[in-house]
Amino acid sequence: MASCEKLVDMGRRQFLRGAGIGMASAAAATVVAQPAKAAPGQALVNYPSNRLANIADLALNEALDTAYPDDAAPGVLLKLGTPVEGGVGPDGDIVGFSAVCPHKGFFMSFDPNDKTLNCSGHYSRFDCEKGGQQIWGHATQNLPQYILRVDDKGDIYAEGLDELLYGRLSNVL
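For the sequence shown, my numbering begins at 97 and goes up steadily by one.
All clues given are correct.
Ranges between beta-carbon positions, derived for each pair: (1) Arg-264 <-> Ile-231: 20 to 26 Å; (2) Pro-170 <-> Glu-255: 14 to 20 Å; (3) Gly-188 <-> Asn-209: 20 to 26 Å.
No farther apart than 27 Å at their CA atoms in a straight line, the calculated lysine-lysine pairs in the DSSO-like style are these: (4) Lys-211 <-> Lys-226; (5) Lys-175 <-> Lys-249; (6) Lys-200 <-> Lys-211; (7) Lys-226 <-> Lys-175; (8) Lys-211 <-> Lys-175; (9) Lys-226 <-> Lys-200.
No lab work stands behind these hints, which were simulated from the structure alone.
Backbone N, C-alpha and C define an ideal beta-carbon position, used for all residues, glycine too.
Turn these sequences into a full structure, and let the hints guide you.
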């Protein structure tokens, strides 16, 4: 039997070293491939600034329907009554979120009793007092939260999002 001249004689130690390097490379690629998450109050993607409402338009624990960054992205503004993560306004209690579930795109409703947004499709629930953190259900990411700013007249502006919107490959208009 003729031997291949390009055959490499590999010992057990060389094999294990190569396997270890391969596993370390795979682990590093997994860490790098994790989706980006913006720091609280920081936008992952900066959309153009858009006026959504005025503080006077909001009622305590009632969702005000809005859309951001465009008309195809329904959302809500909320005045929660206590200072919260990412909250703006004089009391730090005004937040905004996408109203589309990041799991399968169902429209969500606000429950004022526990201050959550809830998906009617697969029952995912998101805590509005904790930056849209998922607290139950099938979703694999938290709810996209608006980065908000309030001017001296009380107008509320959205200036970005901290997560990807459902159904979009990137947050680019």
